[in-house]
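Asks: Each chain sits in its own coordinate frame; assemble them with the hints.
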Amino acid sequence: NAGVTQTPKFRILKIGQSMTLQCTQDMNHNYMYWYRQDPGMGLKLIYYSVGAGITDKGEVPNGYNVSRSTTEDFPLRLELAAPSQTSVYFCASRRQGSFFGQGTRLTVV
Amino acid sequence: DQQVKQNSPSLSVQEGRISILNCDYTNSMFDYFLWYKKYPAEGPTFLISISSIKDKNEDGRFTVFLNKSAKHLSLHIVPSQPGDSAVYFCAASGGSGGGADGLTFGKGTHLIIQP
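Taken in order, these protein sequences are the chains called A and B. One point on numbering: in our numbering, the residue at position 31 of the first sequence is 31, and numbering is uninterrupted. One point on numbering: in our numbering, the residue at position 110 of the second sequence is 1110, and numbering is uninterrupted.
This is chain B alone, in the form it adopts within the complex (with noise of 0.2 Å):
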């Protein structure tokens, strides 16, 4: 029983366009939302997050939305790099432990950017 799941194992997208990586969950307790990038042998790196009283969230190239109601979030990039190849996961936090309990992953999806 997923709570937290990403259904794109991969996503490919031409340099200079936009990638948008989507992310679904199904726990209503989760109230705080995270990217993370991750490359070959390294940790994951924070990216962006947004808390569950906002609906979007940017940071340079970055955007993260949420839909509560739809209990949905994407990630956007804009314009692609190709440093942007990677893996991205998406996790939440909150529940019963108010998120003192660490992060619930989805599974990841591949980004490879296209020259």
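So that you can see chain A by itself, here it is in the shape it has in the complex (with noise of 0.2 Å):
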């Protein structure tokens, strides 16, 4: 089993451009969560997502989107890049504890 994969691991962004984090997981978990991590700092969730087709925000969701199609898939949007959406970025699936993927290390310049 592959877990949670995400991609790309790397990624540099202009301010204003857009780009979508992918995620899936071969674990036929419903819930599904995007985190965020700045240095120094605990993991903060962005979204989650129940199962497919229910969505919901969580603590630090403004300049993000989500949909949720599948089980597999849990793809995060930035829409209009900011600097302060520099970070690293965790997508994570849970039975009973969470399954994280590597992660997303995002820097918007």
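Everything labelled a hint here was simulated from the structure, so no lab data went into it. All values reported here derive from a predicted model rather than from experimental measurement. Any given hint could be a false lead.
Stated by the list, open to error - Calculated pairs, DSS-like style, for lysine-lysine (alpha carbon to alpha carbon, straight line, at most 27 Å): (1) B:K1071 to A:K9; (2) A:K44 to B:K1068; (3) B:K1005 to B:K1068; (4) B:K1005 to A:K44; (5) B:K1005 to A:K57; (6) A:K57 to B:K1107; (7) B:K1068 to B:K1107; (8) A:K14 to A:K44; (9) A:K44 to B:K1107; (10) B:K1107 to A:K9.
Stated by the list, open to error - Partner residues aside, some chain B positions facing chain A, computed with beta carbon under 7 Å: (11) D1031; (12) L1034; (13) P1040; (14) P1044; (15) F1046; (16) G1094; (17) F1105; (18) K1107.
Think of the CB as a built atom: it goes at the ideal place given N, C-alpha and C, for glycine as much as any other residue.
Replies: Take a look at the structure:
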């Protein structure tokens, strides 16, 4: 099993550009999450989904959008990148404990 | 207003000794607590969890203790090994979302195991 797979691993964006962070899991988990981790901080929840077609905002949703058309995929969209979105992004799926992807390191310049 | 607090940014322990990592929480609605281990450039890895109906859970070298009245939990690692050097995150779930709405994390404690 691959677990939770995130792409890309690294990306540099210019201010105002848009991009989609991809996340897919092969464990058939209903619950999926996007977190961001800023330097020296814990992970903060951006969006979550409890199943295909159902998404909801977490603690820091501004500037992001998500969709969940299948159980496996949970992409995160940045429409107008800002320097404040420079962070490491983690996707996770959950049964009991959460299983995390390896992260996407995003820099907005 | 941090709901999950790890007040020690770092901890240094000698190999073979016990490592004790502490975590405090403020939200009395939390009913499930987890510890994650994170190496640089990797995602967090689930280590051990505990439900609020228990006060102790053990898995090999790792034991988590929960003191609900003090809103405090701790992770004990015995004996500490060099591979345990990592950042450890305490996390909690529950509250109004029933846990489906994700985890609330502390800022982490960097554990350094010295030879």
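Asks: Holds or violated: K1005 of chain B with K57 of chain A, Cα cutoff 27 Å?
Replies: Judged against 27 Å, a Cα distance of about 23 Å means the pair holds.
Asks: Is the shortest C-beta separation between G1094 of chain B and chain A less than 7 Å?
Replies: violated, 13 Å
Asks: Regarding the hint that P1044 of chain B lies at the interface with chain A, is the smallest CB-CB distance below 7 Å?
Replies: holds, 5 Å
Asks: Starting from K1005 of chain B, check that the Cα of K1068 of chain B is at most 27 Å away, please.
Replies: Judged against 27 Å, a Cα distance of about 15 Å means the pair holds.
Asks: Compare the distance between the alpha carbons of K1005 of chain B and K44 of chain A with 27 Å, and conclude whether the hinted pair is satisfied.
Replies: holds, 13 Å
Asks: Below or equal to 27 Å on CA atoms is what counts here, so check K1071 of chain B against K9 of chain A.
Replies: Outside the cut-off at roughly 37 Å; violated.
Asks: Against chain A, run the beta carbon of L1034 of chain B and see if the smallest gap drops under 7 Å.
Replies: Interface hint status for L1034 of chain B: holds (6 Å vs cutoff 7 Å).
Asks: For K14 of chain A and K44 of chain A, compute the direct alpha-carbon distance and say whether it is at most 27 Å.
Replies: With a Cα-Cα distance of about 23 Å, the restraint between K14 of chain A and K44 of chain A holds, given a limit of 27 Å.
Asks: Can the restraint linking K44 of chain A and K1068 of chain B be considered satisfied, given a maximum Cα separation of 27 Å?
Replies: holds, 24 Å
Asks: Is the hint on D1031 of chain B kept, meaning its closest Cβ partner in chain A is under 7 Å away?
Replies: It is violated, given that the least Cβ distance between D1031 of chain B and chain A is near 13 Å, above 7 Å.
Asks: Would you settle whether the hint for F1105 of chain B is holds or violated, based on the nearest Cβ-Cβ distance to chain A being less than 7 Å?
Replies: holds, 3 Å
Asks: For the pair we were handed, K44 of chain A and K1107 of chain B, check the Cα-Cα distance against 27 Å.
Replies: Distance ~10 Å between K44 of chain A and K1107 of chain B Cα, so the pair holds.
Violated hints for the displayed structure, listed by number in ascending order: 1, 11, 13, 16.
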